[in-house]
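The residues making up each chain are set out below.
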Amino acid sequence: MKRLPIALFFVLGYGLCFSVAAQKVDEIISSYTGANATGYLQPLADILTSTFNTGHIHKTSIDSGFHLYLGITAFNTTVFDDKSRYFTGVTEGLFSPTQQVRVPTILGPREIVTVNGLNGTSYSFPAGIGNASLTLAVPQITLGTLFGTEFNARFIAYDFGGDFGKLQFMGGGLRHDIGRYFLKKSRFKLSAEYCYQQLKAGAYGNLATHKAGIYAGHQWKIFNYYGYIGYQNGSMNIRYEGSKDASAVHVSLTNQNPLLISAGMGLKLWVFRLNLHGSFIRPVVLAASLGLNF
Amino acid sequence: MKKLLLLLLITSVMLQGCAYQRRKVTRTVTKTIELNFSINQVGNFQTFRLIDNRDIIDLFSPTDNSVTSAEIEKIDIRSVKIGANVIKPSNTATQVVLSADVMSGTLLNQPTRLLNETKTISIGGDGIDFGNILGNAIGTSENITLHNALTILNSQGADKLKTILVENLNNINRAGLSVRLNGTVPAGQRLVMNLTISIEATISFTRCEEVFILSISPLHPPRTIDECK
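For the record, the sequence lines run as chains A and B. Counting with the working numbering, you get residues 1 to 294 for the letters of the first sequence. Counting with the working numbering, you get residues 1001 to 1229 for the letters of the second sequence.
Isolated chain A, as found in the complex:
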């Protein structure tokens, strides 16, 4: 019970950091209402899927006895590649002639692209938000061990009120020590993992992610490192009011970066565990976690 106030402190504290950014959501995502909406918003599905699928473990091995880890994982996702920053937009509606042009995605640069049409008409494609970096943090609990398996859970929620409503993130997963069957006395560790996570962003949409993969690396008393290869899937549904006079717009997205390759290393500092983790397939995600390991 003594840990409950700390958990609440994590949730409320980080919720405050998100609060203002959420106020402009509708204005940002409603820049497009037609076929271009998918291309404009696609990087969100890719980036959020990769971000939340990073940094689940705090050490390479799975302790054989009972253990509890309580920590916080912070992510920084940086967009370097043009594929996440640009897409091919097509002029829509009655605009003539129809033209295709390379335009910014929501994570692209703050530049408006305009093409000219018949008789003084012109068509401007919206700019991106110009922010190629996303930083956020979630608390995590890991509990084990049951038949060589540990379980983890992440949860964060905050009610912004107003039109946005409640932001809720939750996820859970398990990791099984498969090395225990054939690597009993080795420092080389092998484990398999599955995780499911869900993000509900008020009335605007939701994201559901799955990932499954293999960790392999060495574990010493203080230091550990590992590599990871896995498959990830993210399904994102976005709903917004394109116009006060029209029905709501629904956009369904699936991540286009199913392969997840990453590496990490960790240190034991007294009762604390510090872990650094990086995913290197588009986009680049860096995660740092710090927590208590009992």
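Just so you know, not all the hints are guaranteed correct.
Now the in silico label distances, taken between C-beta atoms and shown as ranges [as the list claims (entries may be wrong)]:
hint, chain 1, residue 1, chain 2, residue 2, range
1, B, T1106, A, V284, 34 to 40 Å
2, A, S133, B, L1108, 34 to 40 Å
3, A, D81, B, L1108, 53 to 59 Å
4, A, S64, B, K1229, 57 to 63 Å
5, B, P1089, A, G165, 49 to 55 Å
6, A, S235, B, G1139, 30 to 36 Å
7, A, N237, B, G1139, 23 to 29 Å
8, A, N206, B, Q1046, 50 to 56 Å
9, B, K1074, A, A208, 26 to 32 Å
10, A, P97, B, P1089, 41 to 47 Å
11, B, E1117, A, K83, 45 to 51 Å
12, A, V113, B, Q1046, 36 to 42 Å
Derived list of chain A stretches under chain B, where covered just means 3 residues or more per stretch with a C-beta under 8 Å from a C-beta of chain B [stated by the list, open to error]:
hint, region
13, 94-107
14, 115-127
By construction, these hints were calculated from the structure, which means they are not laboratory data. Fair warning: this is a prediction, and the values are worked out from it, not measured in the lab. Built from N, CA and C at the ideal position, the CB exists for glycine as well.
Keeping the supplied structure of chain A fixed, place chain B upon it in accordance with the hints.
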């Protein structure tokens, strides 16, 4: 208990990594300017619709009028639609030639042609046949069949329309926007119809918005940035 207090302390330090920043954000908003004309005239006519300054601002920024505090990057006229519905049996006109002008406020002596004359329009049966010059119907609005009117849009009128919108959104000009509809009907005939002109306009603007940035990296603590100075 000591461990938990230490964790609480570390968490508190990490939470200091929230910074308040003012960033420039560019937005693009598309709106439709709809002009409805109810005509009940014998012979030639002119009728106009005024959209006042307040309505122009409300159209592009219905919630917080933030456009007026933004730097307008540009305005585009994407498309123009025109449609009409003849009211029977009051209507006796068999033909009408339509055109439209745009002007600032009520400056009716300074018109710029917005829609060129549509000379082949003729009335037959239940409605006005725009099909000959404007192609097939593209939709309906309140029982009015709409046609793409890009071919009769006048580029000088489109430029004038953009100028008036920008001036009103910047409050340089508070007179609003007028569109005048001109009609030529055969002598002695009464034209009774509802006519709609829909103009799709896009405004792109940049404004300052306040955002919070979170960072827990001691190497890259969040900075207080003001891009709007």
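Now the hints, each set against the structure:
no., hint, verdict
1, B/T1106 x A/V284: 34 to 40 Å, "violated, 59 Å"
2, A/S133 x B/L1108: 34 to 40 Å, "violated, 54 Å"
3, A/D81 x B/L1108: 53 to 59 Å, "holds, 56 Å"
4, A/S64 x B/K1229: 57 to 63 Å, "holds, 59 Å"
5, B/P1089 x A/G165: 49 to 55 Å, "holds, 54 Å"
6, A/S235 x B/G1139: 30 to 36 Å, "holds, 33 Å"
7, A/N237 x B/G1139: 23 to 29 Å, "holds, 28 Å"
8, A/N206 x B/Q1046: 50 to 56 Å, "holds, 54 Å"
9, B/K1074 x A/A208: 26 to 32 Å, "violated, 39 Å"
10, A/P97 x B/P1089: 41 to 47 Å, "holds, 42 Å"
11, B/E1117 x A/K83: 45 to 51 Å, "holds, 49 Å"
12, A/V113 x B/Q1046: 36 to 42 Å, "holds, 40 Å"
13, 94-107, "holds (count 3)"
14, 115-127, "holds (count 11)"
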